[in-house]
Amino acid sequence: MSGFDKVVGSYEEAMDGLEDGMTIIAGGFGLCGIPENLIKEIKRRGTTGLTIASNNAGVDGKGLGVLLEDRQIKKMIASYVGENALFEAQMMSGELEVELTPQGTLAEKMRAGGAGIPAFYTATGYGTPVGEGKEVREFGGRHYILEESLRGDFSIAKAWKADRYGNLMFRKTARNFNPMAITAGKIAVVEVEEIVEVGQLDPDEIHLPGIYVNRLIQGTFAKDIEQRTVRSA
Amino acid sequence: MALTRDQLAQRVAQEFQDGYYVNLGIGIPTLAANYIPEGMQVMLQSENGLLGMGPFPLEHEVDADLVNAGKQTVTMVKGASLFNSADSFAMIRGGHVDLTVLGAFEVDCQGNIASYMIPGKLIKGMGGAMDLVAGAENIIVTMTHASKSGESKLLPQCTLPLTGKGCIKRVLTDLALLDIADGRFVLRERAPGVSVEEIASLTAGELFIPGDVPEMVF
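So the sequence lines, in the order shown, correspond to chains A and B. In this text, residue positions in the first sequence follow my numbering: the first is 1, and each later residue adds one. In this text, residue positions in the second sequence follow my numbering: the first is 234, and each later residue adds one.
Simulated from the structure, these hints should not be mistaken for lab results. The beta-carbon is built from N, C-alpha and C at its ideal position, and this holds for glycine as well. Keep in mind that the hints are not guaranteed to be accurate.
As the list claims (entries may be wrong) - Residues on chain A that point at chain B, a partial pick, calculated with CB under 7 Å: (1) G82; (2) A85; (3) K172; (4) P209; (5) R228.
Claimed, not checked - In the PhoX-like style, the derived pairs of lysine-lysine whose C-alpha atoms are separated by at most 20 Å in a straight line are: (6) A:K62 to B:K398; (7) A:K172 to A:K134; (8) A:K43 to A:K172; (9) A:K134 to A:K161; (10) A:K62 to A:K223; (11) A:K186 to A:K172; (12) B:K311 to A:K172; (13) A:K74 to B:K402; (14) B:K381 to A:K134; (15) A:K62 to A:K43; (16) B:K357 to A:K75; (17) A:K75 to A:K43.
Said to hold, decoys possible - Calculated from the model, a selection of chain B residues having no Cβ within reach of chain A, i.e. all distances over 12 Å: (18) Q243; (19) Q250; (20) A347; (21) G358.
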């Protein structure tokens, strides 16, 4: 690695420094736009006691779901945990701690974390179990709760295209939480489908500048589909 | 007769207006997309980062990178745009979405809604529902009026953990269209062939019945 070149040679190198008990912020929505090879590398390393913030926990045997098999996750911060029997079993038995967080609040927690904003007020969750124990303030006659932002020791994400400096482009709805997740990690690791030479991406079309990215690797992706729905012609 | 799922969707679609940006929840709300009136422009928002959601793809159009909030493969209409989750919820929480339609387990006459968990039984999570109900001015809740065993889901007070507090003003059930105002349900329309008495008997929360309660027209 030299200068602004963020490209690393292997998945092992990409996740170097990951230790038991760390917090990881992960991009992806369901199985769409997930850093599938980085997740596999975490499984291979056998790191345990992890706290992971991600919208979902994958499904059985796919995505973050594979980290449940060896009980590597201690705590999950997510908005939706359906479609995952192992997750439900571990949550019900108390082995897995779960902090259910509204989807918009989760995205904003990551965004704020990456932007150096420690907390923010939102109407989302006021008067619900999510708001319990949180500071409430009134602005303009409406109630808002104080939500703290999120920072991770690592963030793992998937983008479509990058240049060697880590300037990123995402594709369609595979963008989802990925840009915010990247900004919220102390070490931001991104895997992409294609790495091009510097200067080949139009600066106007870069979705996330390379300043947020620490390590970059090109991978191949299974891109599993959770709900394949089609219409007939 | 209680409304079918498609009739519920049809009645929801009657609330659409030309130029509306609409977020449709999973299930019956999604079906409403099939009944957008001819000549009317409605843009569907999917909270995972798409404005301008189109129908399901043809087999050869399936793209793993293009899904809706229910993780189903979809397409985009002309004029669609794509964005990240924070921007998506800025639209929702900032009140830029004109109409939100979502399902629920229970609503009550204080405008509270419970839709995301049944303690000890079902924990799926709230997804974007808490943001949607807190951010939108114009919300329609679609649900069945009562459980299969005949217990009302329109209550004096929700019994399940809340998704939102005091945010629901309009409920469409398989039996009736109701508003929530001044701490009570107000009966606006009846499903065809359903009597005011039947609706009243299945509404546990306080119900105001105006002099004239028309049948829904499809």
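Each hint, compared with the structure:
Using the Cβ-Cβ criterion of 7 Å, the hint placing A:G82 at the interface with chain B is satisfied: the shortest such distance is roughly 4 Å. Because the beta carbon of A:A85 sits about 12 Å from the nearest beta carbon in chain B, more than 7 Å, this interface hint is broken. The closest approach between the C-beta of A:K172 and any C-beta of chain B is roughly 4 Å, which is under the 7 Å cut-off, so the hint is satisfied. Checking A:P209 against chain B by beta carbon gives a least distance of about 14 Å; that is not within 7 Å, so the hint is violated.
About 6 Å separates the beta-carbon of A:R228 from the nearest beta-carbon of chain B, less than 7 Å, and the hint is met. For the suggested pair A:K62 and B:K398, the alpha carbons sit about 36 Å apart, so the restraint of at most 20 Å is broken. Straight-line distance between C-alpha atoms of A:K172 and A:K134 comes to about 35 Å, which puts the hinted pair past the 20 Å bound. This hinted pair does not check out: A:K43 and A:K172 have alpha carbons roughly 28 Å apart, beyond 20 Å.
A C-alpha spacing of about 40 Å is found between A:K134 and A:K161, which places the hinted pair above 20 Å, so the restraint is violated. Note on A:K62 and A:K223: the hinted pairing holds, with a Cα-Cα distance of about 10 Å set against a maximum of 20 Å. Simply put, A:K186 and A:K172 have alpha-carbon atoms about 26 Å apart, too far for the 20 Å limit, and the pair is violated. In summary, the hint linking B:K311 to A:K172 is supported, as the alpha carbons are separated by about 14 Å, within the 20 Å threshold.
Restraint check for A:K74 and B:K402: not satisfied, since their Cα atoms lie roughly 40 Å apart, outside the 20 Å limit. Of the pairs offered as hints, the one joining B:K381 and A:K134 is violated, with about 37 Å between alpha carbons and a cut-off of 20 Å exceeded. Only pairs whose Cα atoms come within 20 Å are accepted, and A:K62 paired with A:K43 is accepted, the gap being roughly 12 Å. Taking the CA atoms of B:K357 and A:K75, the gap is near 16 Å; set against the 20 Å cutoff, the hint holds.
Simply put, A:K75 and A:K43 have alpha-carbon atoms about 16 Å apart, close enough for the 20 Å limit, and the pair holds. Under the 12 Å C-beta cut-off, the non-interface status given to B:Q243 relative to chain A holds; the minimum distance is some 19 Å. Every Cβ of chain A is farther than 12 Å from the Cβ of B:Q250; the closest lies at roughly 25 Å, confirming the non-interface assignment. The beta carbon of B:A347 is not kept farther than 12 Å from every beta carbon of chain A, the shortest such distance being approximately 9 Å.
Its beta-carbon lying about 4 Å from the closest one in chain A, B:G358 breaks the requirement of being farther than 12 Å from that chain.
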